[in-house]
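*Asks:* Residues per chain are reported as follows:
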Amino acid sequence: ILNVEQSPQSLHVQEGDSTNFTCSFPSSNFYALHWYRWETAKSPEALFVMTLNGDEKKKGRISATLNTKEGYSYLYIKGSQPEDSATYLCAPGLGWGKLQFGAGTQVVVTP
Amino acid sequence: EPEVTQTPSHQVTQMGQEVILRCVPISNHLYFYWYRQILGQKVEFLVSFYNNEISEKSEIFDDQFSVERPDGSNFTLKIRSTKLEDSAMYFCASSEVGGLKETQYFGPGTRLLVL
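Protein chains in written order, with the working numbering: chain A, 1 to 111; chain B, 1 to 115.
Note that these hints are calculated values from the structure, not bench results.
Among these hints, one or two may not hold up.
What the hints assert, rightly or not - Okay, derived cross-link-like pairs now, DSSO-like style, lysine-lysine, Cα gap no bigger than 27 Å in a straight line:
no.: 1; chain 1: A; residue 1: 42; chain 2: A; residue 2: 78
no.: 2; chain 1: B; residue 1: 83; chain 2: B; residue 2: 101
no.: 3; chain 1: B; residue 1: 42; chain 2: B; residue 2: 57
no.: 4; chain 1: A; residue 1: 59; chain 2: A; residue 2: 69
no.: 5; chain 1: B; residue 1: 78; chain 2: B; residue 2: 42
no.: 6; chain 1: B; residue 1: 42; chain 2: A; residue 2: 57
no.: 7; chain 1: A; residue 1: 78; chain 2: A; residue 2: 57
no.: 8; chain 1: A; residue 1: 69; chain 2: B; residue 2: 83
no.: 9; chain 1: A; residue 1: 42; chain 2: A; residue 2: 58
no.: 10; chain 1: A; residue 1: 59; chain 2: A; residue 2: 42
no.: 11; chain 1: A; residue 1: 42; chain 2: A; residue 2: 57
no.: 12; chain 1: B; residue 1: 42; chain 2: A; residue 2: 69
no.: 13; chain 1: A; residue 1: 78; chain 2: A; residue 2: 59
no.: 14; chain 1: A; residue 1: 57; chain 2: A; residue 2: 69
no.: 15; chain 1: A; residue 1: 42; chain 2: A; residue 2: 69
no.: 16; chain 1: A; residue 1: 59; chain 2: B; residue 2: 42
no.: 17; chain 1: B; residue 1: 78; chain 2: A; residue 2: 58
no.: 18; chain 1: B; residue 1: 42; chain 2: A; residue 2: 42
no.: 19; chain 1: A; residue 1: 58; chain 2: A; residue 2: 69
no.: 20; chain 1: A; residue 1: 57; chain 2: B; residue 2: 78
no.: 21; chain 1: B; residue 1: 101; chain 2: B; residue 2: 57
no.: 22; chain 1: B; residue 1: 78; chain 2: A; residue 2: 59
no.: 23; chain 1: B; residue 1: 42; chain 2: A; residue 2: 58
no.: 24; chain 1: B; residue 1: 101; chain 2: A; residue 2: 57
no.: 25; chain 1: B; residue 1: 42; chain 2: B; residue 2: 101
no.: 26; chain 1: B; residue 1: 42; chain 2: B; residue 2: 83
no.: 27; chain 1: A; residue 1: 42; chain 2: B; residue 2: 57
no.: 28; chain 1: B; residue 1: 83; chain 2: B; residue 2: 57
no.: 29; chain 1: A; residue 1: 42; chain 2: B; residue 2: 78
Said to hold, decoys possible - Chain A residues, not near chain B, derived (Cβ > 10 Å throughout):
no.: 30; residue: 22
no.: 31; residue: 53
no.: 32; residue: 54
no.: 33; residue: 58
no.: 34; residue: 94
Ideal Cβ placement from N, Cα and C applies to all residues, glycine included.
Could you build the full structure based on these sequences and the hints that come with them?
*Replies:* Laid out in structure tokens, this is it:
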């Protein structure tokens, strides 16, 4: 079982501000990192799958970077909007499709 | 857009009773998964399933748990004799192909409460 840490646990952002948060994981035996966005009462939504050191992925105003050598990934939200309010989960992929989730970062965007 | 569906959305049961949680994965997907989240804890992997066999299971997935694909569309998780500590949100997921680089698509979950 990997130790997957996400920080901060929660953050409040003013509408229009940009923000970022971290997912840390053991760098040895790294294969892939998944990011999900999870709104209350909805299905977790897949954002990115990242595999290569230095990888950068983007979806609208959300982007993510990956550093496999030091074992971390940043997720950025540019110009936060109220609809970005959600819990963002990261999960290294292990074994045959097994995802090991972090505890998540809860983002609250206030108008 | 295709999505994973789960029924029921909520289930309340008495300790010791059997429950079956149902999932309809995305139609062309071949790999299926169950995860759970106990309130206040991380989402945990339970089991992966392919070609009518369990591919991998966690320590949580003991003899009280079983999975089945009874027909071409449903994927079920059965808990034979529920315990209080089985209370959790149970998520089904599916992917088109297997492997740890493949996107898994999640359903909305079934909230199970064991009394």
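*Asks:* Would you mind marking each hint as holding or not holding in the structure?
*Replies:* How the hints compare with the structure:
1. 42/A with 78/A: Within the cut-off at roughly 23 Å; holds.
2. 83/B with 101/B: violated, 34 Å
3. 42/B with 57/B: Between residue 42/B and residue 57/B the Cα gap is close to 17 Å, so the pair holds against 27 Å.
4. 59/A with 69/A: Answer holds: residue 59/A to residue 69/A is near 24 Å, not above 27 Å.
5. 78/B with 42/B: holds, 21 Å
6. 42/B with 57/A: holds, 25 Å
7. 78/A with 57/A: holds, 13 Å
8. 69/A with 83/B: Outside the cut-off at roughly 42 Å; violated.
9. 42/A with 58/A: OK: residue 42/A and residue 58/A at ~22 Å, within 27 Å.
10. 59/A with 42/A: Given pair residue 59/A, residue 42/A holds - Cα atoms ~19 Å apart, limit 27 Å.
11. 42/A with 57/A: With a Cα-Cα distance of about 23 Å, the restraint between residue 42/A and residue 57/A holds, given a limit of 27 Å.
12. 42/B with 69/A: OK: residue 42/B and residue 69/A at ~25 Å, within 27 Å.
13. 78/A with 59/A: The hint holds at about 11 Å.
14. 57/A with 69/A: Judged against 27 Å, a Cα distance of about 18 Å means the pair holds.
15. 42/A with 69/A: violated, 34 Å
16. 59/A with 42/B: holds, 25 Å
17. 78/B with 58/A: violated, 39 Å
18. 42/B with 42/A: holds, 17 Å
19. 58/A with 69/A: Since the Cα atoms of residue 58/A and residue 69/A sit roughly 21 Å apart, the hinted pair holds (cutoff 27 Å).
20. 57/A with 78/B: violated, 38 Å
21. 101/B with 57/B: holds, 18 Å
22. 78/B with 59/A: violated, 37 Å
23. 42/B with 58/A: holds, 26 Å
24. 101/B with 57/A: With Cα atoms ~14 Å apart, residue 101/B and residue 57/A stay inside 27 Å; holds.
25. 42/B with 101/B: Distance of about 21 Å is within 27 Å: holds.
26. 42/B with 83/B: holds, 19 Å
27. 42/A with 57/B: Holds: residue 42/A and residue 57/B sit about 25 Å apart, inside 27 Å.
28. 83/B with 57/B: Measuring from Cα to Cα gives roughly 19 Å; hence the hint holds.
29. 42/A with 78/B: holds, 23 Å
30. 22: Residue 22/A clear of chain B: closest Cβ-Cβ about 16 Å, beyond 10 Å.
31. 53: holds, 14 Å
32. 54: Label holds. Min Cβ-Cβ 16 Å, cutoff 10 Å.
33. 58: holds, 16 Å
34. 94: Given a closest Cβ separation of 6 Å, the condition is violated.
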